[in-house]
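Residue numbering for the sequence shown follows this note's numbering, beginning at 86 and increasing consecutively.
Please keep in mind that the hints were generated in silico from the structure rather than gathered at the bench.
Among these hints, one or two may not hold up.
Quick list of in silico lysine-lysine cross-link-like pairs, PhoX-like style, CA-CA up to 20 Å [said to hold, decoys possible]:
{"id": "1", "residue 1": "LYS93", "residue 2": "LYS157"}
{"id": "2", "residue 1": "LYS186", "residue 2": "LYS157"}
{"id": "3", "residue 1": "LYS157", "residue 2": "LYS268"}
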Amino acid sequence: MQRTLAVKGVSFDVPENGTVALVGESGSGKSVTAMSILNLLPSNAERSGRILFQGRDLLQAGTRELQAIRGKDIACVFQDPMSSLNPVFNVADQICEPLMKHMGMSHRQALVRAEELLNEVGIPEPKRRLKAYPHEMSGGQQQRVMIAVALACSPKLLIADEPTTALDVTIQRQVMELLARLKQSHQMSLLFISHDLGVVGEISDQVVVMRHGQVRENAPVAQIFGAPQDAYTK
Numbered sequence: 086m087q088r089t090l091a092v093k094g095v096s097f098d099v100p101e102n103g104t105v106a107l108v109g110e111s112g113s114g115k116s117v118t119a120m121s122i123l124n125l126l127p128s129n130a131e132r133s134g135r136i137l138f139q140g141r142d143l144l145q146a147g148t149r150e151l152q153a154i155r156g157k158d159i160a161c162v163f164q165d166p167m168s169s170l171n172p173v174f175n176v177a178d179q180i181c182e183p184l185m186k187h188m189g190m191s192h193r194q195a196l197v198r199a200e201e202l203l204n205e206v207g208i209p210e211p212k213r214r215l216k217a218y219p220h221e222m223s224g225g226q227q228q229r230v231m232i233a234v235a236l237a238c239s240p241k242l243l244i245a246d247e248p249t250t251a252l253d254v255t256i257q258r259q260v261m262e263l264l265a266r267l268k269q270s271h272q273m274s275l276l277f278i279s280h281d282l283g284v285v286g287e288i289s290d291q292v293v294v295m296r297h298g299q300v301r302e303n304a305p306v307a308q309i310f311g312a313p314q315d316a317y318t319k
């Protein structure tokens, strides 16, 4: 069977408390690159190379070790919250699950923390909204819930895969400001995936430009916007 390379030779670092943006057109390989970090790829996908996180090579990690890392040390926020949130569980259940699994909290403790998280991400009447189901919330509120779930265990790295693409412009701005504020308050690193250079320019320290599965340029945000070196970036 012929194999197709989705990405090749991709290399970059996400510094502690830093923000790195992966940018490129659709099909450039940016989402595949990000999802490979936690092996959130189709079962027939093959990975090679090294993915180092706090001295551990995640490519060598077994299923159990990855399950312990997902949601606790590295968390993800995806493009479409409705496809990420479970429609049959209410908001409280979905935030409490990682708190009880990774942090060892009782259900009562997790509920208290879940209410705090909803308040932190800007959802009004958080105690009441804990009982809501995803379909009862707007797209912007759903994405805020996803962010609350992702932040529940205070991860060291947050991967945000085009988290505002499915939202209208006004809500996009609010969610981006929220992510920037939470990154500072939680002292975490952020890997931000986008094709919106305007957003990237506002929140990123470093920008990795991808095309056809390869890195075309990797430079500080000021250089990318002020003096790009690669013809594709220009």
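Against the structure, the hints:
{"no.": "1", "hint": "LYS93 x LYS157", "in the structure": "28 Å, violated"}
{"no.": "2", "hint": "LYS186 x LYS157", "in the structure": "9 Å, holds"}
{"no.": "3", "hint": "LYS157 x LYS268", "in the structure": "15 Å, holds"}
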